[in-house]
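Enquirer: Spelled out, the chains give:
Protein chains: 2
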Amino acid sequence: MRFTSHTSNDGVTERTFTLGEIPGALWTPDDTQPRALVLIGHGGGQHKQAPGVVARAGRLAAECGFAAAAIDAPAHGGRPRTAEHERIVTEMRARMAGAGDPVPLLAELHTLLAAQVVPEWRSVLDALGDMGPVGYWGMSLGCALGIPLVAAEPRIRAAVLGLSGTSLASAEAAAGVTVPVRFLMQWDDERVPREDAMALFDALASGEKTLHANPGKHEDVPALEADSALRFFARHLG
Amino acid sequence: MRFTSHTSNDGVTERTFTLGEIPGALWTPDDTQPRALVLIGHGGGQHKQAPGVVARAGRLAAECGFAAAAIDAPAHGGRPRTAEHERIVTEMRARMAGAGDPVPLLAELHTLLAAQVVPEWRSVLDALGDMGPVGYWGMSLGCALGIPLVAAEPRIRAAVLGLSGTSLASAEAAAGVTVPVRFLMQWDDERVPREDAMALFDALASGEKTLHANPGKHEDVPALEADSALRFFARHLG
Numbered sequence: 001m002r003f004t005s006h007t008s009n010d011g012v013t014e015r016t017f018t019l020g021e022i023p024g025a026l027w028t029p030d031d032t033q034p035r036a037l038v039l040i041g042h043g044g045g046q047h048k049q050a051p052g053v054v055a056r057a058g059r060l061a062a063e064c065g066f067a068a069a070a071i072d073a074p075a076h077g078g079r080p081r082t083a084e085h086e087r088i089v090t091e092m093r094a095r096m097a098g099a100g101d102p103v104p105l106l107a108e109l110h111t112l113l114a115a116q117v118v119p120e121w122r123s124v125l126d127a128l129g130d131m132g133p134v135g136y137w138g139m140s141l142g143c144a145l146g147i148p149l150v151a152a153e154p155r156i157r158a159a160v161l162g163l164s165g166t167s168l169a170s171a172e173a174a175a176g177v178t179v180p181v182r183f184l185m186q187w188d189d190e191r192v193p194r195e196d197a198m199a200l201f202d203a204l205a206s207g208e209k210t211l212h213a214n215p216g217k218h219e220d221v222p223a224l225e226a227d228s229a230l231r232f233f234a235r236h237l238g
Numbered sequence: 001m002r003f004t005s006h007t008s009n010d011g012v013t014e015r016t017f018t019l020g021e022i023p024g025a026l027w028t029p030d031d032t033q034p035r036a037l038v039l040i041g042h043g044g045g046q047h048k049q050a051p052g053v054v055a056r057a058g059r060l061a062a063e064c065g066f067a068a069a070a071i072d073a074p075a076h077g078g079r080p081r082t083a084e085h086e087r088i089v090t091e092m093r094a095r096m097a098g099a100g101d102p103v104p105l106l107a108e109l110h111t112l113l114a115a116q117v118v119p120e121w122r123s124v125l126d127a128l129g130d131m132g133p134v135g136y137w138g139m140s141l142g143c144a145l146g147i148p149l150v151a152a153e154p155r156i157r158a159a160v161l162g163l164s165g166t167s168l169a170s171a172e173a174a175a176g177v178t179v180p181v182r183f184l185m186q187w188d189d190e191r192v193p194r195e196d197a198m199a200l201f202d203a204l205a206s207g208e209k210t211l212h213a214n215p216g217k218h219e220d221v222p223a224l225e226a227d228s229a230l231r232f233f234a235r236h237l238g
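Sequences listed follow chains R and W, in order. Residue numbering for the first sequence follows our numbering, beginning at 1 and increasing consecutively. Residue numbering for the second sequence follows our numbering, beginning at 1 and increasing consecutively.
EDC-like, lysine to aspartate or glutamate: derived pairs with alpha carbons at most 16 angstroms apart: (1) W:K217 x W:D196; (2) R:K217 x R:D188; (3) R:K217 x R:D196; (4) W:K217 x W:D188; (5) R:K217 x W:E208; (6) R:K217 x R:E190; (7) W:K217 x R:D202; (8) W:K217 x R:E208; (9) R:K217 x W:D202; (10) W:K217 x W:E190.
In case anyone wonders, no lab produced these hints; they're calculated from the structure.
For reference, chain R alone in the conformation it holds in the complex (with noise of 0.2 angstroms):
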């Protein structure tokens, strides 16, 4: 792992990093040594240092003494896309430009990031080292690629997830998640139909699980959500 660079603000300090051909960012506390470590997997679209991940790090940093982690996901950010990745975008752009459903084309890219990205993420734990308990948050696609590694990585012992639904997301893996969840959906959400969010929340093994349902549409989550959030991380990792 080679830092690339370092930023201290308002007590926090973000460093950027590379791990072989993953590019991360990591933010600490400048004053405590971090109690915890909380993974977030950004958005589709976005990447590691986009706005909502920066914003939710910080607050873990300042607030709870967490360390925080993102990473570009493959095809996001800074990464080049392979040939299959620029496959399933053009198709899918080919599909919302006509009349077709790209939904079960954006499952197939979420299943083929998610294999890709689930390795990636155990490789920077290792490298970051022990850092306390580890927790995981992540919504829509990084609650898609979430659910896959909370499932598969035991050092990950509680995650805020969501925005998702079957659809989008694997129920199967699901069925592996048995660490306590907060689950977010939107009751208006224009990219996820409830009954899909629902199954997937119905789908997760935990024995600790919460659904919050607001109104509103796909990127109308209340902030006091990540102010819940933020209880529930220092809950099950403090």
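Starting from the known structure of chain R, arrange chain W on it as the hints suggest.
Expert: This is chain W only, laid out in the frame that chain R set:
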């Protein structure tokens, strides 16, 4: 309003009262003027001083500095059943013993009780006088009776509801609820089908409403939801 008993415990005073035929209880913090008032609607077969009611009232007083009030619903606690209550309850028991569906009768009972209790709660509010902003907290029967109350009573500014559905509570009344609502459902509720609970949440006209769903049966609401409800009231009434 006639106060009939007075007990102080751990900084919280509990007074029982009667207002006409209505038996009630009022909890207040010992060391401060109440900053707000939360009305607590008990569950079916319970009463104004059921353990769950007393526990919620005590926390509202001790942790939020709020007053809390509860009354026995008609046909509950020390209150007599009318001939109509008796008819419905007898028929409901007969159906539960046989193969019939008791739900339509339970819904009929809820409708009858709601028509009686809404003016009762409003007269209690009048008699208590101004104790600050008012909230309502009721699950199950307390939700079915609370929805028409919250819809009718402009002094109520926020409500925690749940464990009910459109087969037991009025979706029409829910369409008159516009204040912020926290709505709880149990994912494996043996008394309220998921679809009914979600349809009731959907029917609420509130711009700010959040559904919290947890695994487990009707009685298995996790303790964390009470902490969360206290924060909800502190935010909206504090």
